[in-house]
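Colleague: One-letter residues, chain by chain:
Number of protein chains: 2
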Amino acid sequence: MDSLTHSEITALLLALGVLLASARLLGELARRFHLPAVLGEILAGILWGPTVFGALAPAGRTFLFPSHGGGALALDGLTTLAITLFLLVAGMEVDLSTVWRQGKSAVSVGVAGIVVPFALGFAASWYLPEIMGMEAGASPLIFALFMATALSISALPVIAKTLMDLNLYRSDLGMLLIAAAVLNDLVGWIIFAVILGMLGTAAITLSIGQTIGLTLGFTVVMLTLGRGLINRALPWIQAHSSWPGGVLGFALALTLMAAAFTEWIGVHAIFGSFLAGVALGDSQHLREKTRAVIDQFVSFIFAPLFFASIGLKVDFIANFDALLVGVVLLIATLGKVFGCSLAGRLSGMDRRESWAVGFGMNARGAMEIILGLLALSNGLIGERLFVALVFMALATSLLSGPLLQRLLHLKKPRRFTDFITTRSFVNPTAAVTREDAITELSYAAAQAAGLDADAVARAVLKREELMATGLGMGVAAPHARLPGLQAPVIAAGLSHFGIDFDAPDACPAQLIFLILTPVHDDGAQLEILADIAASLKARELREKLLQVNGLTEFLALVKSGQPH
Amino acid sequence: MDSLTHSEITALLLALGVLLASARLLGELARRFHLPAVLGEILAGILWGPTVFGALAPAGRTFLFPSHGGGALALDGLTTLAITLFLLVAGMEVDLSTVWRQGKSAVSVGVAGIVVPFALGFAASWYLPEIMGMEAGASPLIFALFMATALSISALPVIAKTLMDLNLYRSDLGMLLIAAAVLNDLVGWIIFAVILGMLGTAAITLSIGQTIGLTLGFTVVMLTLGRGLINRALPWIQAHSSWPGGVLGFALALTLMAAAFTEWIGVHAIFGSFLAGVALGDSQHLREKTRAVIDQFVSFIFAPLFFASIGLKVDFIANFDALLVGVVLLIATLGKVFGCSLAGRLSGMDRRESWAVGFGMNARGAMEIILGLLALSNGLIGERLFVALVFMALATSLLSGPLLQRLLHLKKPRRFTDFITTRSFVNPTAAVTREDAITELSYAAAQAAGLDADAVARAVLKREELMATGLGMGVAAPHARLPGLQAPVIAAGLSHFGIDFDAPDACPAQLIFLILTPVHDDGAQLEILADIAASLKARELREKLLQVNGLTEFLALVKSGQPH
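If you're matching them up, the sequences are chains S and X in order.
In this text, residue positions in the first sequence follow the numbering used here: the first is 431, and each later residue adds one.
In this text, residue positions in the second sequence follow the numbering used here: the first is 431, and each later residue adds one.
In short, the hints are calculated from the structure, not lab data.
Note that the coordinates shown come from a computational prediction; the quantities given were computed from them, not determined experimentally.
Backbone N, C-alpha and C fix where the C-beta goes; we use that ideal spot for every residue, glycine too.
Be careful, since some hints might not be right.
With the Cβ distance kept under 7 angstroms, some of the chain X side facing chain S (calculated, not the full set) [to be verified]:
no. : residue
1   : LEU450
2   : ALA699
3   : LEU924
4   : HIS926
5   : GLY928
So the derived label-pair ranges between C-beta atoms look like this [what the hints assert, rightly or not]:
no. : chain 1 : residue 1 : chain 2 : residue 2 : range
6   : X       : ARG461    : S       : ALA489    : 45 to 53 angstroms
7   : X       : ARG461    : S       : LEU646    : 35 to 43 angstroms
8   : S       : GLY809    : X       : ASN979    : 49 to 57 angstroms
9   : X       : PHE463    : S       : SER569    : 35 to 43 angstroms
10  : X       : SER601    : S       : GLY928    : 35 to 43 angstroms
11  : S       : LEU655    : X       : LEU486    : 39 to 47 angstroms
12  : X       : GLU718    : S       : ALA960    : 25 to 33 angstroms
13  : S       : GLN714    : X       : ASP884    : 40 to 48 angstroms
Here are the simulated lysine-lysine pairs, DSSO-like style, with alpha carbons at most 30 angstroms apart [to be verified]:
no. : chain 1 : residue 1 : chain 2 : residue 2
14  : X       : LYS967    : X       : LYS591
15  : S       : LYS719    : S       : LYS967
16  : X       : LYS743    : S       : LYS719
17  : X       : LYS967    : S       : LYS967
18  : X       : LYS719    : X       : LYS591
19  : S       : LYS591    : X       : LYS591
20  : X       : LYS591    : X       : LYS534
21  : S       : LYS719    : X       : LYS974
22  : X       : LYS967    : S       : LYS974
23  : X       : LYS967    : X       : LYS892
24  : X       : LYS967    : S       : LYS719
25  : X       : LYS719    : X       : LYS967
26  : X       : LYS974    : X       : LYS719
27  : S       : LYS534    : S       : LYS591
28  : S       : LYS974    : S       : LYS719
29  : S       : LYS591    : S       : LYS967
30  : S       : LYS974    : X       : LYS534
31  : S       : LYS743    : S       : LYS591
32  : X       : LYS719    : S       : LYS967
33  : S       : LYS892    : S       : LYS967
34  : X       : LYS974    : S       : LYS967
35  : S       : LYS719    : X       : LYS591
36  : X       : LYS591    : X       : LYS743
37  : S       : LYS719    : S       : LYS892
The task is simple: from the sequences and hints, build the whole structure.
Modeller: Right, dumping it as C-alpha cells:
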C-alpha cells in the first residue's frame, strides 16, 4: 500500500502549519488596513512560493512544497478538499428567496450584470485574442467563452462583506445587490460548468450535449427535489442522532458526494459542493450553530490554506504583465459597471444609487480567482493571464467598498473599544462617589489625549448635573463634548464595589466609560453609547469583564462576546 | 507539477463522502445500542475495506480506495491530518490541574495503572513472544516494550464519556478516574513516543539517547514554557484579530508545527499535536465557543473518517485469531484491573469502589487502536496482532460502562423526550380549561400506552386537586403514578392560547406535559420533571417549540437546545 514517508509527512505538516500561520497573519494585517483578508492570504502564498522564498532558498522550497511525488499529491488533495468546502460555505450564503423578494429590479440588475460584461468580454476576446492574453494553440471559441464568463462573474461573499461593513446589508440597496449577486453567481457558475464540460476532461466520455444536459439537470434537481428532501431530512436527523454530529456529518457527506458527481461529469467538484451548499443553506432547519461550526472552520482554516496555495503555484513577478492587467481590469470594470448601472437607472434609481449598484457588483473577489485557477490547471489560460485575473479580482474588490462609501456618503460605524488606550484604562478605580469617579477618569482621559484634566472634569461634571448617565445593568457613561478635540477619547474604569450613577434600574455602576467627543462631530457620542449598550448586553460578559487583569484581556472579552 | 487526475479526484471525494456517511450512520447506530460510536465507525471501514466490499467487488474497491498512486497518497495525507487533529482534541480534554487537585490517590491509581500492566505485559511478551503474536524477525526487546505500553494505556475520552453518561463525571470517584487517566495518558504516550524513536524512523538520523532527550525536552518545554506563552498569547490574539478566526488559526497552526516537529524527530506527528492540545486546552483564555468549533468539526468529521480508514487497511476476518484475541484481552484486563483496584484499596476505598476504579480505567478505546495502527505501519506488529488489539480495545471499552453501572448500582438518567410518541403528541390542543386539557392528554396517553383513559384522567385530576402543577415559564406538568404501568408515558400538548395551571409566575401554560409513571418507580417522576425544567429553560426555545409542525421537529428542537 502506497503511503507517505516520514520525511513527506514532516514536510506536509510543516507546510500546512507555516502556510496557515502566515496566511492568517497577513489576512489579519490586510483587514487592519480595511482590505479583504483574501489579499493577505494570497500574499502569504506568494511569499512562500516561487516568487520570493523559492527564489531565495530553492532547496527549502523543494522540501516544504515539493512539486513532485507523494507530498505534492497529498497537498493537491488537501487543497482540492479545501476549495470544495469553501464553495460549500459560499453556497450556504446564497438565499434564493431574496431574489424573488427583490423582484424585477434585482433580476434586471443581475441579468444585465451578466449579459453586458459577457458580450463585451466575448467580443474583445474573439476579435483581439492576442491583447486579451490567449495562449498559442488554445481554441479561440472556448477561450472567448471563458473570458466572457470570467469577466461577468461577481463575488457574492465580498459583496456581502462590504455591505455588512458599511451597515448596508439590511437596506433596500443592500438586499437588491445581494439578490442580483446571487442570481449572477448561480448563472455564472452554470455557464462556467458548461465550458469546463466542453473541455472534455471528465472521468467518463461525454458529448457536449450530454455534459450540458447533465449539468443543467443536476442543477435543477438539486435546487428543487434535493432542496425539498434536505429540508425534510434535517429535522429528522436532528431528532434521531447526536447533536450536532448528525447534521454536520450529513451536510459534509452530501457535499462530498455532490462534488464527486460534478467532478465525474467533468464540470469540477466545486460546482457540486456549491449547489449542495445552496440547497443546504436554504433550509430553515439548518441551525445557526451548525452553520457557524462549518463556516468558521472552513473560513478560517481551509480557505486561508487554499488561497495561500494559489501563490505557491505561480511566479507573480515573472508573469506580471502590466498591459494585460490594465486591459483585463478595464474591460471587466467597463462591462460590469455600465451594465449594472444602466439596469439600475432603468429600474428607476437615481444616478448616484445606480452608480453604487454598478461599483458594488463590480467586486470579483475569491470567485474570480478560483475560476482562473481552474482555467489555468485545465490549460485554458496561461500563467500571465492568470496573474492578470488575480490582480483584476483584487483591485475590483478593493475599490468596491471605498467607492460605495463615497458615492453614498457613508461612514463606518465606530466601536467604543477603538478609543480606549492603556493609559485611559483604570482598573480598579478607587473612587466611591460619582464625583470622584468622574474626576479620576477625566485625569486618565486627559493624560491619554494631552488635554487639560481639570477642564475635562468640569465639562463632564456639568453634563452629569443636567441628567445622570447611569445606563443600567451596572454600566455608566458620563460624557462631554470638547472643543479642540480631533477624535473621540474614552476612559474606562472598573469598580469592584459599584458607584451610584442614578441608573433607571438603580443598579450601581461597576463599568464606567467616560466619553469625550469633538464638538463638531454630531453622531460620535450617540454612536459610541449605542455600541457600548449593544456590546455589553450579556450579563455573563459584564461579570467576566470585572475580573480582567488588563486592557488586552478586556478587549479580548468584549470582542469574543460581540455579535459578528 | 504533480497533481491528481480528474478520475483520482472523483474517487477521492466519493470515497470521503461514502466513508463519512457510513461511519456517521453506523456510529449513530452504535450509540443507539449504548455502544461507543467508534465501534460503528470502524465497522463502516471494515464494510468498505478488504473484509467485505473488497471481497464482493474488488474492482469497485480498487477504484474507490486505491492502494497505489495519487489517490492512495492523498487519502493517506488526509487520514494523517485527521488523526493529528483528533489527538489535538484528545489533548485539549486533558486538564493537568485535575491531577494535582485529586492528590495522592489519583497519582497512585495512575501510576499503578501503568506499572502493573506494563510489567505484566512486558513479562508475557518477553517470555512468551509466540503466544503474544510476535512476528518472525521483530526485535524481541522493542516488541516487548511496545506490548507493555499498549497494554498499559487508558483512553481518557472513553472514560470521560462513560462517566458523563452515568452522571458520575463531577463526583469524587469520577474526578479521581479522570485524574488517573490523564496521568496514565501522558506517561503512556511519552513511553510510546520513546519506543517509536528507538525504531529510528525519523526524518533525521538520531541516536536513541538523542531521541529520548528531544522527546522529554519537548514535553517539558511544551507543558511549562509553551503552556505559559500560549496562555499569554491567547488574549492578545483575541484582542487584535478577527473573532474567532485569530484563535482558531493560531491553535491549528501551532498544532501542525508541533506535529511536524515530533514527526521529524521520529516520535510521530500525533505526539506533538497531543501535547499542543494539552498546552492549549489548559489555558482559561481559550473560549468555550472556540473549543466547541474545533471539537465538533474534528469529532464528527475527521475522527469518523480516520476510524473508518482503519477498517480499509486490514482484512478483519482473515486476520482474526480467537486465541490471540483472548490472550491479549485477558492480560490487558488482568494487569489494569488488578493494578488500579489494588491502588484504590490501598488509598482507603471500599472493595466495590476499588473494583469500579479498576474496570473504569480498563477502557482502552480509540487510543489503543491508534497506537496499534502506528505499530502496524511501522512494521512493529503484524495484522493478526493489530486485529487482536482492536478487538481488545473495543471489548474493554464496551464492558467498562455496564460494569461500572452494576458495581455502583447506578441508573442512566432518563430524558422526557424518550417517552413521547406520535400518538401522545397533541398539537394544538383544543382545550381551554385545565380539566379539558388533562382529559384530552389523558386520552392521548392512554391510547399510546393501552390504558383505561377514564382511570388515567381521574388519577391525574385527583393529583391536580391536591396542588396545581404549573411550573412557570408557560410550562405545566400534570402527573400521576399508576399501578400496572411498566415504564413512564408522557403526553405532550401545545396550546396556542395558554391554559391556566396556577403557576407561581401566573403565566398560562402553553406547553403541557402529562406524565404517568409506575407506582414502584420512585425516582422516575422527579427525574422527568427536572429534565423538563432543565431542557426548556431558554425562552427562545419555548417560543420556537410552539411553532413546530410535528413531533419530529419538536424533538429536533429540544435536542439542539439542550446542553451536551
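Colleague: Against this structure, judge whether each hint is valid.
Modeller: Structure-based check of all given hints:
1. Against a cut-off of 7 angstroms between C-beta atoms, the interface hint on LEU450 of chain X holds, since the closest Cβ of chain S lies about 4 angstroms away.
2. Below 7 angstroms, beta-carbon pairs count as interface contacts, and ALA699 of chain X has one with chain S at about 6 angstroms; its hint therefore holds.
3. For LEU924 of chain X, the interface hint is violated, the least distance from its beta-carbon to any beta-carbon of chain S being 16 angstroms, above 7 angstroms.
4. Contact between HIS926 of chain X and chain S, as hinted, is not supported at the beta carbon level, the nearest pair being about 20 angstroms apart and thus beyond 7 angstroms.
5. Because the smallest distance between the Cβ of GLY928 of chain X and any Cβ of chain S comes to about 25 angstroms, over 7 angstroms, the interface hint for this residue is violated.
6. The hinted window of 45 to 53 angstroms between ARG461 of chain X and ALA489 of chain S holds, with their beta carbons roughly 50 angstroms apart.
7. Look at ARG461 of chain X against LEU646 of chain S: about 41 angstroms separates their beta carbons, and that is inside 35 to 43 angstroms.
8. At roughly 52 angstroms, the beta carbons of GLY809 of chain S and ASN979 of chain X sit within the given window of 49 to 57 angstroms.
9. For PHE463 of chain X paired with SER569 of chain S, a C-beta distance near 58 angstroms fails the hint of 35 to 43 angstroms.
10. Evaluation of the 35 to 43 angstroms hint for SER601 of chain X and GLY928 of chain S yields a pass: the beta carbon distance comes to about 37 angstroms.
11. Checked against the hint of 39 to 47 angstroms, the C-beta distance between LEU655 of chain S and LEU486 of chain X comes to roughly 31 angstroms, which is inconsistent with it.
12. In this structure, GLU718 of chain X and ALA960 of chain S meet the distance hint of 25 to 33 angstroms, their C-beta atoms being roughly 28 angstroms apart.
13. Between GLN714 of chain S and ASP884 of chain X, the C-beta spacing of about 41 angstroms keeps the proposed range 40 to 48 angstroms intact.
14. About 24 angstroms separates the Cα atoms of LYS967 of chain X and LYS591 of chain X, which keeps this hinted pair within 30 angstroms; it holds.
15. At roughly 20 angstroms between alpha-carbon atoms, LYS719 of chain S and LYS967 of chain S fall within 30 angstroms of each other, so this suggested pair holds.
16. A distance of roughly 35 angstroms separates the Cα atoms of LYS743 of chain X and LYS719 of chain S; the hinted pair therefore is violated under the 30 angstroms criterion.
17. With a CA separation close to 19 angstroms, the supplied pair LYS967 of chain X and LYS967 of chain S stays within the 30 angstroms bound.
18. Among the hinted pairs, LYS719 of chain X with LYS591 of chain X is consistent with the structure: their alpha-carbon atoms are about 20 angstroms apart, no more than 30 angstroms.
19. Restraint check for LYS591 of chain S and LYS591 of chain X: not satisfied, since their Cα atoms lie roughly 40 angstroms apart, outside the 30 angstroms limit.
20. Between LYS591 of chain X and LYS534 of chain X the CA atoms are separated by roughly 24 angstroms; this keeps the pair inside 30 angstroms, and the hint holds.
21. At roughly 15 angstroms between alpha-carbon atoms, LYS719 of chain S and LYS974 of chain X fall within 30 angstroms of each other, so this suggested pair holds.
22. Taking the CA atoms of LYS967 of chain X and LYS974 of chain S, the gap is about 22 angstroms. The hint holds against a cut of 30 angstroms.
23. At roughly 28 angstroms between alpha-carbon atoms, LYS967 of chain X and LYS892 of chain X fall within 30 angstroms of each other, so this suggested pair holds.
24. Proximity of LYS967 of chain X to LYS719 of chain S is assessed by CA-CA distance (about 18 angstroms); at most 30 angstroms being required, the pair is judged to hold.
25. The hinted pair formed by LYS719 of chain X and LYS967 of chain X meets the criterion: a straight-line CA distance of about 20 angstroms does not exceed 30 angstroms.
26. At most 30 angstroms may separate the alpha-carbon atoms for a hinted pair to count; LYS974 of chain X and LYS719 of chain X meet this at roughly 23 angstroms.
27. Between LYS534 of chain S and LYS591 of chain S the CA atoms are separated by roughly 24 angstroms; this keeps the pair inside 30 angstroms, and the hint holds.
28. For a cut-off of 30 angstroms, the pair hint linking LYS974 of chain S to LYS719 of chain S stands: about 23 angstroms separates their Cα positions.
29. The straight-line distance between the Cα atoms of LYS591 of chain S and LYS967 of chain S is roughly 24 angstroms, inside the 30 angstroms bound, and the hint therefore holds.
30. At roughly 33 angstroms between alpha-carbon atoms, LYS974 of chain S and LYS534 of chain X are farther apart than 30 angstroms, so this suggested pair is violated.
31. About 27 angstroms separates the Cα atoms of LYS743 of chain S and LYS591 of chain S, which keeps this hinted pair within 30 angstroms; it holds.
32. The suggested pairing of LYS719 of chain X with LYS967 of chain S holds, with an alpha-carbon distance near 18 angstroms, which does not exceed 30 angstroms.
33. With a CA separation close to 28 angstroms, the supplied pair LYS892 of chain S and LYS967 of chain S stays within the 30 angstroms bound.
34. Proposed proximity of LYS974 of chain X and LYS967 of chain S is supported: the alpha carbons are some 22 angstroms apart, at most 30 angstroms.
35. For the proposed pair LYS719 of chain S and LYS591 of chain X, the alpha carbon gap of about 22 angstroms is at most 30 angstroms, so the pair holds.
36. Annotation: proposed proximity of LYS591 of chain X to LYS743 of chain X holds, straight-line Cα distance about 27 angstroms (limit 30 angstroms).
37. Of the pairs offered as hints, the one joining LYS719 of chain S and LYS892 of chain S is violated, with about 47 angstroms between alpha carbons and a cut-off of 30 angstroms exceeded.
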